[in-house]
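Student: Dock chains A and Y against chain X, hints included.
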Amino acid sequence: MLQGFQSETNDSQLIFRKLLTAMASPGSIETIDLDINCPGNLHPASGGILLTLLDFETPFWTDLDEYSKEIQWIQFHTSAPVKDSATNSLFAICTHYDELEDPNLFNPGTLSSPDLSTTLLIQTRGLDNNGKIRLTGPGIQTEAYLRLKGIKEVFLKRRAQMVKNYPQGVDMIFICDNRFVCVPRTTILEVF
Amino acid sequence: MNFQAKTAVNTERQKMMALLGGASIKDLETEKERLGPGIDWNYIIKPEVGLLMVQSDADGSHPAFNLGEMSVTKCVLEVKGHYLGYAMILGSDLVHAELAALFDGLLQHPDYRNDIKSNLINTLAEKQLQKDRSLEKDVADTTVEFFTLKRGE
Amino acid sequence: MYVAVKGGEKAVKQSRRLVEKMRRGPETIPPIRTNQIEHQMGLGVDRVMAEGSLYDQKAAATALKQAQGDTMEAIFLVRAFRTTLKRFGTSAPIDTQHMQIIRRISGIYKDIPGGQVLGPTYDYTHRLIDFDSDEKKEAPLKNQVSKVDSADQEISPQQMTRVIDILRQQGLMDISSPMSPQENVEDLTREPLKLPASRSIRLQNLARGDEGFLLGAAYSLQRGFGLDRHPFLGELRVGYITVKYTPPELGFEIIVGKIKITECFMINRFDGSENKSPGFENGYGLVFGQSERKAMSMSLLDRSLQNTSGQSNSDVKNSYPAQDQEFILSHSDNVESSGFVQHLKLPHYVDFQSELVFIRNLKREHNKKKENSLEPSI
Numbered sequence: 604m605l606q607g608f609q610s611e612t613n614d615s616q617l618i619f620r621k622l623l624t625a626m627a628s629p630g631s632i633e634t635i636d637l638d639i640n641c642p643g644n645l646h647p648a649s650g651g652i653l654l655t656l657l658d659f660e661t662p663f664w665t666d667l668d669e670y671s672k673e674i675q676w677i678q679f680h681t682s683a684p685v686k687d688s689a690t691n692s693l694f695a696i697c698t699h700y701d702e703l704e705d706p707n708l709f710n711p712g713t714l715s716s717p718d719l720s721t722t723l724l725i726q727t728r729g730l731d732n733n734g735k736i737r738l739t740g741p742g743i744q745t746e747a748y749l750r751l752k753g754i755k756e757v758f759l760k761r762r763a764q765m766v767k768n769y770p771q772g773v774d775m776i777f778i779c780d781n782r783f784v785c786v787p788r789t790t791i792l793e794v795f
Numbered sequence: 061m062n063f064q065a066k067t068a069v070n071t072e073r074q075k076m077m078a079l080l081g082g083a084s085i086k087d088l089e090t091e092k093e094r095l096g097p098g099i100d101w102n103y104i105i106k107p108e109v110g111l112l113m114v115q116s117d118a119d120g121s122h123p124a125f126n127l128g129e130m131s132v133t134k135c136v137l138e139v140k141g142h143y144l145g146y147a148m149i150l151g152s153d154l155v156h157a158e159l160a161a162l163f164d165g166l167l168q169h170p171d172y173r174n175d176i177k178s179n180l181i182n183t184l185a186e187k188q189l190q191k192d193r194s195l196e197k198d199v200a201d202t203t204v205e206f207f208t209l210k211r212g213e
Numbered sequence: 054m055y056v057a058v059k060g061g062e063k064a065v066k067q068s069r070r071l072v073e074k075m076r077r078g079p080e081t082i083p084p085i086r087t088n089q090i091e092h093q094m095g096l097g098v099d100r101v102m103a104e105g106s107l108y109d110q111k112a113a114a115t116a117l118k119q120a121q122g123d124t125m126e127a128i129f130l131v132r133a134f135r136t137t138l139k140r141f142g143t144s145a146p147i148d149t150q151h152m153q154i155i156r157r158i159s160g161i162y163k164d165i166p167g168g169q170v171l172g173p174t175y176d177y178t179h180r181l182i183d184f185d186s187d188e189k190k191e192a193p194l195k196n197q198v199s200k201v202d203s204a205d206q207e208i209s210p211q212q213m214t215r216v217i218d219i220l221r222q223q224g225l226m227d228i229s230s231p232m233s234p235q236e237n238v239e240d241l242t243r244e245p246l247k248l249p250a251s252r253s254i255r256l257q258n259l260a261r262g263d264e265g266f267l268l269g270a271a272y273s274l275q276r277g278f279g280l281d282r283h284p285f286l287g288e289l290r291v292g293y294i295t296v297k298y299t300p301p302e303l304g305f306e307i308i309v310g311k312i313k314i315t316e317c318f319m320i321n322r323f324d325g326s327e328n329k330s331p332g333f334e335n336g337y338g339l340v341f342g343q344s345e346r347k348a349m350s351m352s353l354l355d356r357s358l359q360n361t362s363g364q365s366n367s368d369v370k371n372s373y374p375a376q377d378q379e380f381i382l383s384h385s386d387n388v389e390s391s392g393f394v395q396h397l398k399l400p401h402y403v404d405f406q407s408e409l410v411f412i413r414n415l416k417r418e419h420n421k422k423k424e425n426s427l428e429p430s431i
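Chains as they are written, first to last, in the numbering used here: chain X, 604 to 795; chain A, 61 to 213; chain Y, 54 to 431.
Bound-form chain X, shown alone (with noise of 0.2 Å):
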């Protein structure tokens, strides 16, 4: 088995405060300069975001197997639960992205209830500012762009669309290896 975070107090306030800064910056690429032994095909990123964030009361949905040693990683570290469906989850980390189709799938939280939603982490190829996905809105001076190499266009189109159901979306932290970046439900989408 290995470790976790080799500081758990120091690591987890760390990347609490790039997640705070990147969601509230939608586009802005932040990087996480810890050495985290995460196991597989889990990136460096990943592992740091679940181990913050997850707990014994956080159930997750995941595309990676239920037995494998990234989820052996995950539960022995966080004790969280692993869902079988993603609509019942409040998180969800998906190292597949070429079969990542609808975000829909995901849990939009409700009208009372927000913040049920599902926070989706993907697992990208590449990830940078030159791309053809434009955001705009909330925490966007004026604009910005991204490139998120393996999504599929068909998958940020559908998330476009969800916009409009705002309070209810669903919060994506696209990640590749140890950098990250957060598109928030709020955030509105192009692409070209």
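Source of the hints: derived by calculation from the structure; they are not laboratory data. Hints are all accurate, no fakes.
Pairs of lysine-lysine, DSBU-like flavour, derived with a Cα cap of 35 Å:
#1 A:K197 with Y:K118
#2 A:K197 with Y:K189
#3 X:K672 with A:K140
#4 A:K92 with Y:K297
#5 Y:K311 with A:K86
#6 Y:K139 with X:K672
#7 X:K672 with A:K92
#8 Y:K190 with A:K191
#9 Y:K139 with X:K686
#10 A:K86 with Y:K118
#11 A:K86 with Y:K111
#12 Y:K189 with A:K187
#13 A:K197 with Y:K311
#14 Y:K118 with A:K187
#15 Y:K139 with A:K140
#16 A:K191 with Y:K118
#17 Y:K190 with A:K187
#18 A:K197 with Y:K190
#19 A:K106 with X:K621
#20 X:K672 with A:K177
#21 Y:K297 with A:K140
Tutor: Same frame as chain X, but now just chains A and Y:
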């Protein structure tokens, strides 16, 4: 190593873990010194203070409810490259949790098991028994006996 | 309007230094050690743990020292500390039937199985302050370590049948609650209080409630503001219970440690109704540490706060404060109540300015009216 849930309750290990959790640090450190060098381990979970919510049972006179939280310290070590030593003890003593996890790991190691059992574990068990009996005696002395007096004898 | 603020930060820093200086007291007196508080002021520590809702003697003792003995301030410190810690999970339901008993009495049956065990209590002391010097008082206690040999009989917890079970066996008391814990027991630390509250939530609220507030409320019940008959103490137990937990990553149950608790069963007569036969009902109290006053008060309020739909006694038709869930449950937490009452110390300068203006206007009108209504001849 397989970390899937084992359903059988491991009673002897449970008892030994409980003794390690209730031990004084002095006893644990003395034993560690006695065992000498060559005991190496890696941190899987560094000693960490956290909470357990204590829940009452439901017994027909009242429902289960959350009474309040207690401080516990958790530590998981990989002892001698292979054995997973686990400790979750009452309180916030990081050193104690680490030592308890270390011995839990060593007690799974065939080269150390019997030695530690006949030394440390025996000592701890004896001390605990004395402590319990001493308390019981003090408490028993405060018991009121109601006698029915017999006439003529 | 704005008032210039000068020297505020400096004053605050000095205030903190001064309270620390006051806490330490004269240098000629040796400082109190935290372990002395932990081991020699255990009942104070128990209260801080119970109302801080955290069983951690070291934290409670440290808080009491830091707060100069101000219990509620110490409770605040413990609550704040609690919020910084991660919750690993929930224990297995605690088994109070197998308590390592240090005190166990009943007010309803003289001859209970296992006997009346008086245990450590101030109940039988004469309440005379002992003004002898410290040295004189400590001397005789040095030789009181009990030596035990294996021939001594141990008290088996099994011998101490619960009074409540005796009443049930005799058909005098029904089962009023589930016999095993539900899946997800409600948690007041996770969801805000909603009224009417379930019994689980009420018990959790009372367990961490202010002892003084609950005691006063219970007293009011006994004086007629909610009870018209005498309640009875079925059983009071103080002792240690083992806390067990099954870590998911380990897969089997472990014994985490032993904690001291006080448990109380209060018995009330129920004269019967259309759908329920006469018998006895109980109120329940459970607290961290040795806290008998609190456990007893809690058990009295547990009964008086039953939801109206479940009320069985004719004496609960009126809603006295101790029968009112909103009154008791909303005001029982002393961190909350202290916060709101003491917030009045915060600057309310602007609010008060508007009060001043309002009063001045009112006074003007009042004087005008007085002038106009004055008799020509004074």
